[in-house]
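Undergrad: Chains L, A, R and Y supply the protein sequences, listed in that same order.
One point on numbering: in my numbering, the residue at position 427 of the first sequence is 427, and numbering is uninterrupted.
For any residue, its number in my numbering is found by taking its place in the second sequence, counting from 1, and adding 1000.
For any residue, its number in my numbering is found by taking its place in the third sequence, counting from 1, and adding 2000.
For any residue, its number in my numbering is found by taking its place in the fourth sequence, counting from 1, and adding 3000.
Think about it this way: if two alpha-carbon atoms lie no more than 27 Å apart in a straight line, the pair counts; the simulated DSS-like pairs of lysine-lysine are:
hint	chain 1	residue 1	chain 2	residue 2
1	Y	3512	Y	3501
2	L	162	Y	3469
3	A	1232	A	1183
4	L	450	L	377
5	L	162	Y	3399
6	Y	3304	Y	3520
I should point out that these hints are in silico values taken from the structure, not numbers from a laboratory.
Just so we're clear, the structure is a prediction, and the values are computed from it rather than from any experiment.
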Amino acid sequence: MENLIALLIAAPLLGAAVLLVGGRRLDAVGHWIGTLLSSVSFVFGVILFSDLLSRDAEDRTLTQHLFSWIPVGGFQADVAFRLDQLSMTFVLLITGVGSLIHLYSVGYMEHDERRRRFFGYLNLFLAAMLLLVLADNYLLLYVGWEGVGLASYLLIGFWQHKPSAATAAKKAFLVNRVGDIGLSIAIMLMFTTFGTFAFGPLLGAEGEPGIAGDASEGRLTAIALMLLLAACGKSAQVPLQSWLGDAMEGPTPVSALIHAATMVTAGVYLIVRSAAIFNGAPDAQLVVTVVGAVTLLFGAIVGCAKDDIKKALAGSTMSQIGYMVLAAGLGPIGYVFAIMHLVTHGFFKAGLFLGAGSVMHGMNDEVDMRKYGGLRKYMPITFVTFGLGYLAIIGFPGLSGFFSKDKIIEAAFAKGGTEGWILGGCALLGAAITAYYMTRVMLMTFFGEKRWQPDAEGHEPHPHESPRSMTIPMIVLAFGSVFAGGFFSIGDRFLHWLEPVTGHSHGDSPVSALTVTLATMVVLVVGVAIAYAQYGRRPVPIVAPRGSLLTRAARRDLFQDDFNHVVLVRGGEHLTRSLVYVDHTLVDGVVNGTAASVGGLSGRLRRVQNGFARSYAVSMFGGAAVLIAATLLMRAV
Amino acid sequence: MSAQLAAYSTSTGEAVQFWVLGTVAVIGALCTVFMKRAVHSALCLAGTMIVLAVFYLANGAYFLGIVQIVVYTGAIMMLFLFVVMLVGVTAADSLKETIKGQRWLALVSGLGFGILLIAGIGNASLTEFSGLAEANANGNVEGLAALIFTKYVFAFEITGALLITATVGAMVLTHRERTERAKTQRELAELRVREGKHVPPLPAPGVYARHNAVDIQGLLPDGTPSELTVSKTLRERGQIRDVSTEAMNDLKALEQRAEERLERAAIEPPHLKRTEEASK
Amino acid sequence: MNPVNYLYLAALLFTIGATGVLIRRNAIVVFMCIELMLNACNLAFVTFSRMHGNLDGQIIAFFTMVVAAAEVVVGLAIIVSLFRSRHSASVDDASLMKL
Amino acid sequence: MSFPLLTATAALPAIGAVLTAAVPAARRNAAKSLALVFSLATLALAIVVLVRFDPDGGRYQLTESHSWIADFGVRYELGVDGIGVALVVLTALLIPFIILAGWHDADPLETGDASLSSYAAGRWRPTQGFFALILAVEAMVIISFEATDVFVFYIFFEAMLIPMYFLIGGFGDRAHEHGEEAASTQRSYAAVKFLLYNLVGGLIMLAAVIGLYVVAGNFSLTEIAEARANGTLDMATNTERWLFLGFFFAFAVKAPLWPLHTWLPNAMGESTTPVAVLITAVVDKVGTFAMLRFCLQLFPEASKWATPAILVLAVISIIYGALLAVGQRDIKRLVAYASISHFGFIILGIFAMTSQGQSGATLYMVNHGISTAALMLVAGFLISRRGSRLIADYGGVQKVAPVLAGTFLIGGLATLSLPGLAPFVSEFLVLVGTFERYPAIGIVATFGIVLAALYTLVLYQRTMTGPVKPEVSAMPDLRARELLVVAPLIVLLIFLGVYPKPVTDIVDPAVKQTLSDVHKKDPQPEVEAAK
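Assemble the whole structure, with the sequences as input and the hints as a guide.
TA: So, in structure tokens, the structure goes:
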């Protein structure tokens, strides 16, 4: 049974290889090959899942050791896989949502002549993501980590002829690289501290605890913070969040799969996976929670101001992941809920993005929500699925978002003390804002009167429902976003499923669960109400009003990007330019200067050779004299 | 003085002879170096050599003494004079130094060298010496011959080869290959006629000039001097004297001699300058 | 009198000759100076032979003369051809050794 | 005695060089194929060496030893340890690709000029010369990887400069933005610069070699190292340090280490891409290899004494080279500066004095050879199509030549050491090896990976993506020959990235030996140390 794990990864990898090397002759069938292989890997996942369920909770950890990868002295890195409840959850999410989005893309990318390549990249991403979550040591995880980064680079920049896309892709990769510094330093620290970076001995397996606890708290904090840096890069958390917005340049299925459902949540996976380390470093955990809280507000605020539907959703993604990170930072209280929210978010956010994609598909790639309006009549299925996703994300009672987010807010309060109150408050505020901006999106897109006009070529967009291949995934995901939360929470199924890996503890909450729920309901209603007052009652202006200072700031991502641009990009350019100058003048100049001076000296010496036989004779004669003197001296002494 | 004497001891007579002739030799050498005209140098050198010949004899090297006179002063110096004549006997070169610092360097190193050399000799001075008595017992020439034809026979043969080579070399260097057949009188005459200039023989030098000298151009009827009147060799050497400036030159020469007597710096007459340019 | 004096004389003559070589431009005179140096050497040799009481020194002097003769022959020939080609016997004119 | 395998490995390309040079002018292509055949034969021999080499056997294997200059105790001694084997195989492996890639680089120019076309008709010799020189370089590089006698090594270390000089100065890119005139002057400038830098280094090394002889009495690496190890030969501290510096300087110039690096961008920029690959992927490796073999073994104490300074210089090279690569406008110069950064990593690994660091460094030499070859050769194909080295002259190539762009991207990803490709393994090993002894330096070096990503991706974005420039719109995709060159390299990159064990198995014993020579052990993990 263990051997299936490798196949799990092998299937999409094979797909990627075939599609990318295969060349034009595969153009006709390429997309189907890709879809097939991703669903094959999903099937493997289901088989493994059933196998895990058949075991009892304690030994639900399968490991597969393929071969020794880098054996140098004490440094032993193997290519080995580890499948436990945590990774299983991810496998199902990745392959499931992944396959759906493959299917969706078949329709969405129909008119793109490079569709084969697109599917190749998608498969590559699946393989890398699976490697990430299945790796049995941090170095192998690093490979997957960078693999997904590469895939996202290729997919964001898929429409390379658009300079904006190419730039966005580069930006995403670079920001992620900054995060990778964190990961690699963390691995080095682990190696120097524990002499290993494999999950088994480090984090403990089959019950007995790992050696992670043995190290000094200082070391653990350092490692934890480095891991957090990595997580920030991958999961677009403040301060490394700037790439996610631009990443929306990529095709919408990519945004749905990579930048909403799976890849961006890798950071959360990393933190939860390293629970043993974080538990030993409370300071680091505090930092994690702070980062989470800040990001969830940041993303929410940004999401409120964007008129580009995808960018608004991207802001929302940021903020939702902020929730997860916050939960993960709370420690054993929050791990489970972080993952749970991650899964549910995977469903409804993917659904929302697919919906947005379908809208764009119908509006010939118009993304400005101010040019939508009243689309519910034209694309009913999209409307319904999108609406369900909307209800789920704002946490409408009974839908999946409600359960997961509510739990996180509770946990935040349960942390206790002032920071408990502060974090909880942030979470609540975030919920309110979420309700606001999602309602805004909903209203601007599907309600009100139609606001679209003929585009540059002058032909009116006539919105229409998307083809079957696109609607089916949306429907499935809508189901997920409706029922997943309830399914997980009833009888704490998810909690019991995941507890053996992450551990769980009920913090002592200063406020009862009911109070929290009520509070959440209240802020939700408030948020929706404000949004309705602004966008439901009066018509939406087609050109965005100037708006308040906050609005303008939020449109510009709260000036985060401008900061990066001014400080890093400009500064870097100046630095490099001056260095190039220095290298040419100083470092090179020294050498050339020496050469020149030598040349001058020899030129002066050359004058002695005046060519007159007599002056040569003089030197000979003088030489003879000197010789005699020398001999005489020799004899004298 | 007798051979026996010269063989093993030095008499006071030899001492006197040494001091007298030695002075002469040194003076001769100095003159060789400092005389303006090559001819004078050559003559002084010849003198020095003769003195040296005498010293050889005094040192019991009778054969060498004779050879010195015959070969050096006889043959080689004559050869020198011959070449000097070829180059131009009147050619006198100025001793003004052209290369910067050359003279000082030369003098300094010369002095240094000499002093060191003499110091070295004095350093290695030995008081008593074994004369050539038994070496020259049965004649100096026989002794030399015995050595040359036994001990140094190879060196001797090689010098023979060397001499041959030198002769051939000299011939090769000086011989100029004639490219075309020498023209006969007749052809020359025809050529002259064909060219149509100087059909008559060239005018004689010094004709119509106040000075009747070979190296002075004759004046044409209109009073302009004509190069043609001077012989080709002189022309090539550039040793043509100019009629017009002749009087002045004499005057200058006079003044110069006077000045030299008064040991003043010599101002050089133009014609000398010219000739010296030629000699360079 | 000590025959070493002859050596002193030889040294003196040699130095004079050398200096002459250095300060004279006229090739012929230079040549004469060289001859002078050779003669100085010969004098030294002869004196040596007398001191040591064997004839080898004289032999050497003899060879020197022969060589000198050969040298003069060739040297003068060179001077003549030089003079022919450039109408001058100055050693400074032939300063082609310069780069 | 047994068959002198190592000598044969070095001699074969030398013979090939002579024969290639002797091919009559008209039979140009015959010369090419002859050179290719010989390089392949050398590869075969190198593989035989690899097979005959036993990782767990003695330190130096397949040794040969003949007295050469008895009076000075110079012996013709060859022998390979794991590191040597790896690099010999690398060299033998890369040369055929270099020859294939340069197939047309030395052909007579097809210009309207009648005189030139008459050249083309007959008396055009440089083609033969080009390939002969490449083979000559191969021979010298291989033998200097094999020499265990300092004197022999020195001779070939220096002799290498001669063919390299002609390769750099004699053969340039077909087209040049400033015309052939400017190109040739810049070429000769670059060639002279290369020669002077390396000659100065070589001279200083020569002094050190003589000094070593004076101290030790012979040139044999094995004997001296042994004597040093068991203390029968002890040098005065200062003597050892001076000698070490003498050797190290030469190797640092060759490597090249900041601030002795400025010859590399000129040399790589002006020479044809195969030659550029030859410089950075093969010849420069001799420098780093020699640090590992000679500096550490002959002067262990001095090496330890100099380590801090060298590490700092290495880190400067890493960051500095990367930053300058970002600032370049010329593709080849960019790759050159990237190489400087990578050589910084190699030196860092060598002097970290940990088994991870040194294995990583050795692995890095191999991987860097392959990855740079891949990137640079593809860049060369690109340049040969457009006739310009300026990044600004390209754009949107990805649309017209997807395969070219793809291979270029893979080469670039290898350069930024993406996990899964070979360079990642070595780079990470180097970083870990440095980190466990010098954390601060390790962290600073880690920033190099971001900069690497920066210059690679900027290069890719400016050249390959964006709207298609009219000049490149007609650009043909990779031809069969070019694909034949690139594909194996890429396969190799991926294979060594996934399964580097074969190489590490060969290298590790040698590295352990070297470490024991300098009396260094890997530091204990903190937890075990605590226990």
